[in-house]
Amino acid sequence: MTEKKSTNIILFSGDYDKAMAAFIIANGAAAYDHDVTIFATFWGLNAFRKEENIDVDKGKMEKMFEKMMPRGAEKMGLSNMNFGGMGQKMIKKVMKKHQAMPLSDLIEMAQEQEVKLVACTMTMDLLGLQKEELLDGVEYGGVAAYLADAEDGNVNLFI
Amino acid sequence: MTEKKSTNIILFSGDYDKAMAAFIIANGAAAYDHDVTIFATFWGLNAFRKEENIDVDKGKMEKMFEKMMPRGAEKMGLSNMNFGGMGQKMIKKVMKKHQAMPLSDLIEMAQEQEVKLVACTMTMDLLGLQKEELLDGVEYGGVAAYLADAEDGNVNLFI
Amino acid sequence: MTEKKSTNIILFSGDYDKAMAAFIIANGAAAYDHDVTIFATFWGLNAFRKEENIDVDKGKMEKMFEKMMPRGAEKMGLSNMNFGGMGQKMIKKVMKKHQAMPLSDLIEMAQEQEVKLVACTMTMDLLGLQKEELLDGVEYGGVAAYLADAEDGNVNLFI
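Going down the list, the sequences are from chains S, L and Y. If you read the first sequence in full-length UniProt numbering, its first letter stands for residue 1, the second for the next number, and so on. If you read the second sequence in full-length UniProt numbering, its first letter stands for residue 1, the second for the next number, and so on. If you read the third sequence in full-length UniProt numbering, its first letter stands for residue 1, the second for the next number, and so on.
Treat the hints as calculated values from the structure; they're not laboratory data. Every value quoted in this text rests on a predicted model; they were computed, and no experiment measured them. Hints may contain errors.
If several chains are the same, the list does not tell them apart, and a pair holds so long as it fits within one copy or across any two.
To be verified - No more than 25 angstroms apart at the CA atoms, straight line, and that leaves these computed lysine-lysine pairs for DSS-like:
no., residue 1, residue 2
1, Lys58, Lys89
2, Lys131, Lys63
3, Lys131, Lys58
4, Lys89, Lys67
5, Lys5, Lys92
6, Lys63, Lys92
7, Lys92, Lys67
8, Lys4, Lys89
9, Lys116, Lys5
10, Lys131, Lys67
11, Lys131, Lys92
12, Lys50, Lys131
Working from the sequences, and respecting the hints, build out all of it.
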């Protein structure tokens, strides 16, 4: 119906480098005037977590997941050559040197550019993540919401 | 030609969580009346394996791959926080608690919804998997079959 | 505008098997007369590296990345069951047995079929890779170049 192009990214991965790729594409597409959505599911939800500890009531297993998963974008590791976090530190150093934006800034920029950030409610349940723990401005939906956007999309990616 | 929308997923990964994502999207798209295909290649073929041991004649190396790869959907590990299978057990427990379908049920549901399941014959050869070892109802094809579906597709994903 | 279909693959992964999948799809799509682009970013750039050691001037950290990353397609490991390179050797053996092309040949074939190979300049900077180190015929671009191709694409994949 609409003449606007659209980019729809499923962010499944909880890796720093893959999330960077997702947000660089999203910001690029927004600059090109696409309607852009990042739909985070499974480990990708970690990129939407607030950095501070949010005290919410949850079950034992959900508590365990919460503790084991990185709290927010800057805590995520690399998909490759992570070496217990050393590779991630190296990448961040070279990023600084080359004035590349860290992931948390890329996410902020995406929100400023009105990239729609959607958290998958089904996997939030599984991993025991609650709305209070996720970034302000994040929307909530399931596979139906994703498909409604993506079925008329131009650039659909699973990252 | 056809007015029906289509979703075409390449399932490359042999991870339980990624395969879950693939089948949840596939089932959602089928419910939306898309023509849906899951084309399994490389480690994704493990999701199509029968659980029982099928006795087929094969070479030594093919026998080794057979033994080392998970036999069927429910034996697959997680892409993240697997911890030698512990993470997978945890996920299955929370799935049960939240009444989420296990992968094997998602696959059955896909077959009932007429999602086309295609096994990549080239990688079946490489990994020494034979038709007898894969689920009934699976079709067989190569990259040409995939492209014929995907080039007119709406939601094309590589998982 | 153009009537030709197009396939646009982001190759993010530095795994041998995933890169094989990318180039098999690319070569298939080229045979189907698609305009095909492989845009390599992050670890995917390793598939574009020349095998020989190229002496270029670079910083300490860039030197470290250079040493730690596989030099060229045939040095890349598997995404699964790599076992310190043993799985990769096994796969190469069965590939030979079944007369499947090794990755380096698939890349050569792609170049012969005029698949456009684009290296992501932003991640080249981060990983300290220089043009002299990459295959002849590779083009250079950023996310804008990718989106210009992909926004009218038919088969867009992130691998």
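Hint check results:
no., hint, verdict
1, Lys58 / Lys89, "between (32 angstroms within a copy, 19 angstroms between copies)"
2, Lys131 / Lys63, "within (15 angstroms within a copy, 43 angstroms between copies)"
3, Lys131 / Lys58, "within (12 angstroms within a copy, 46 angstroms between copies)"
4, Lys89 / Lys67, "both (21 angstroms within a copy, 17 angstroms between copies)"
5, Lys5 / Lys92, "neither (33 angstroms within a copy, 39 angstroms between copies)"
6, Lys63 / Lys92, "between (29 angstroms within a copy, 16 angstroms between copies)"
7, Lys92 / Lys67, "both (23 angstroms within a copy, 18 angstroms between copies)"
8, Lys4 / Lys89, "neither (39 angstroms within a copy, 44 angstroms between copies)"
9, Lys116 / Lys5, "both (14 angstroms within a copy, 24 angstroms between copies)"
10, Lys131 / Lys67, "within (16 angstroms within a copy, 43 angstroms between copies)"
11, Lys131 / Lys92, "between (29 angstroms within a copy, 23 angstroms between copies)"
12, Lys50 / Lys131, "within (10 angstroms within a copy, 39 angstroms between copies)"
Violated hints for the displayed structure, listed by number in ascending order: 5 and 8.
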